[in-house]
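S.K.: Listed in order, the protein sequences are those of chains A and B.
Numbering-wise, the first sequence is residues 68 to 473 according to our numbering.
Numbering-wise, the second sequence is residues 778 to 1005 according to our numbering.
Heads up, a few of these hints could be off.
[Said to hold, decoys possible] Subject to a maximum C-alpha distance of 20 Å in a straight line, what follows is the list of computed SDA-like cross-link-like pairs (lysine to any residue):
1) B:K916 to A:E362
2) A:K129 to A:L150
3) B:K894 to A:M68
4) B:K971 to B:D793
In short, the hints are calculated from the structure, not lab data.
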Amino acid sequence: MLIKMAWRNIWRNKRRTLITIASILFAVLLASLMESLQKGAWGHMIKNVVNYYFGYVQIHQKGYWDEQSIDKAFALGDHLTALPAASSHIKGLAPRLESFALASTGNNTVGVLVIGIDPQAETRMTKLAERLQRGNYLAPEDDAALLAEGIAERLKLDVGDTIILVSQGYHGVNAAAKYPVKGIVRFGSPELNKQMVYLPLLAAQRFYGAEGLVTSLAVNIAKEEHVPPVVRALKRKLDPEHYEVMDWPEMMPDLLQAKALDSAGNYIVYFILYLVIAFGILGTILMMTKEREYEFGVLVAIGMGRFALGFMVWLEIILLGMLGALVGIAASFPVVWYFYVNPIRFTGDYAGLLEKFGFEPIFPAAFNAQVFLTQAIIVLVLTSVLAIYPVFKIKRLEPVHAMRGD
Amino acid sequence: MSVIIAKGISKTYDPDGMPVLALQRIDLEIREGEFTAIVGPSGSGKSTLLNIIGGLDKPSEGMVEVGGHMITELSDNELIDFRKEHIGFVFQAYNLIPVLTARENVEFVMLLQQRPKAEREARTKELLHAVGLDDKMDKRPGELSGGQQQRVAVARALAPKPAFILADEPTANLDTKSTENLLDIMAELNREEKITFIFSTHDQRVINRARRVITLVDGAVASDEKRD
Chain A
68 MLIKMAWRNI
78 WRNKRRTLIT
88 IASILFAVLL
98 ASLMESLQKG
108 AWGHMIKNVV
118 NYYFGYVQIH
128 QKGYWDEQSI
138 DKAFALGDHL
148 TALPAASSHI
158 KGLAPRLESF
168 ALASTGNNTV
178 GVLVIGIDPQ
188 AETRMTKLAE
198 RLQRGNYLAP
208 EDDAALLAEG
218 IAERLKLDVG
228 DTIILVSQGY
238 HGVNAAAKYP
248 VKGIVRFGSP
258 ELNKQMVYLP
268 LLAAQRFYGA
278 EGLVTSLAVN
288 IAKEEHVPPV
298 VRALKRKLDP
308 EHYEVMDWPE
318 MMPDLLQAKA
328 LDSAGNYIVY
338 FILYLVIAFG
348 ILGTILMMTK
358 EREYEFGVLV
368 AIGMGRFALG
378 FMVWLEIILL
388 GMLGALVGIA
398 ASFPVVWYFY
408 VNPIRFTGDY
418 AGLLEKFGFE
428 PIFPAAFNAQ
438 VFLTQAIIVL
448 VLTSVLAIYP
458 VFKIKRLEPV
468 HAMRGD
Chain B
778 MSVIIAKGIS
788 KTYDPDGMPV
798 LALQRIDLEI
808 REGEFTAIVG
818 PSGSGKSTLL
828 NIIGGLDKPS
838 EGMVEVGGHM
848 ITELSDNELI
858 DFRKEHIGFV
868 FQAYNLIPVL
878 TARENVEFVM
888 LLQQRPKAER
898 EARTKELLHA
908 VGLDDKMDKR
918 PGELSGGQQQ
928 RVAVARALAP
938 KPAFILADEP
948 TANLDTKSTE
958 NLLDIMAELN
968 REEKITFIFS
978 THDQRVINRA
988 RRVITLVDGA
998 VASDEKRD
């Protein structure tokens, strides 16, 4: 009966109820869309950076990540190549030998990251071959380079041209060689697009004078949620005195910090948004409480306990809030879905600005149930807190005074 | 046997730091099954006395015993339970719950008493039949006339099988026909179920039907007339 009364009471003043629901609807819609776009943009960026290059987990010689020097390369022994057996979640390993070099052609010179890869293992993990824009993908025995599009543009190189690489090799040996450009690849991340030069692993080992050595083993994992068990399994297998096993948040704390900073900015906007909504709901509650003081007095007079009455009114407000949240979520679904399927693509100056800061100018929305659930919880908490006011009034209500309208 | 005993009750209101004496040392005894009207001009203290007898308000001085319960010594929650079990209220403005139908309004107090569903339903039907509203059971208050609403209010007051019905100006908003109809119902219940009725009223039609008329003037009993 209490639930029935609460529900019917909501609809006693239809216009006020609809206005309150509409205000919650717009808050939920706006907040859901903002959060979905934010999550989507960061998810997209992390996917670009992590999934398309770094991998979720890497193995290095101990201390390599702090001081990324080719001198900390290690031999790819059998105990390492057998690591996929350590966990069913490991789909394979992508060995890499990486160091910085100067790339030049004619009078142009740029700093690049030269990475020796196992072409087959690499494309299984990062789908590198699918990023090919022009030319052909690398074969293990090639003595050729694959360039990121940004470098090719900067050095005005194309397939068939020659790139000259100069660097310091393993333990200080001179590294200098020229390679024909076999293909051009494009990365979503502007940062990767500006610095990646791939060589087959054998060619890179010859270039750096590091035969049989690699600087990292990227671990191919299908799903992000498998990262913790894989890290645990690898740490059990590998001697921590010689190797470090790092997951992507450990390798890229800056990315996480930037995400956290961006989220904090959004939380301030959400706070203001919900503060406005809270005042709207509070207005409804104040009016409703004042209007129904007489009725509350009657109910207490005829024997309804204050707790039951307070609970009924609390329930009304919660129902009102949840109704608003549900309608808001229902309205958000198609909007968020639209931006999930049709990401916002920035062009022109703004796109350039985003790229300058390392962002791909594409903002797809994340379609994540958690986003909608969070809004429902926020509205629930908000209305629960605001609903304390009438409960407090009912606790102190004197039926005679309430019925006299004092 | 006296079922309501009030001794030396006074009530002072102090709304703006200016004390107003609403009742002055009233002594009163009401016997079981009486059909009593408390009359007097506006501001004479009729409603205050009724509220104190019904446990809705507390006297500033004095004691009130109702049905063997010293209600002036009960806590707030005990008073709510007391009212729920022993008192039926009928108010001037009907005061039905607007979102509930006539049937649900009558059933509501029994629900608060946690009576079994079958009993609630049977008594609700019986009471609404008694007040002549069989065909209006599923109407909400807004769909009923003033007289019909007041009859529902009477049925609601009777639902918990109270020993006392306290009615504050119950006919003030009713036309003559509705008033007569309501008073007939109440008189019959008083006769047949020995329920004690106390009215606060200005209405001569009610006063004419009362078997005892207590007149208050300036918060004191000016006369107490018993009729046969």
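S.K.: Quick check: which numbered hints come out false for this structure?
M.R.: Structure breaks hint 4 only.
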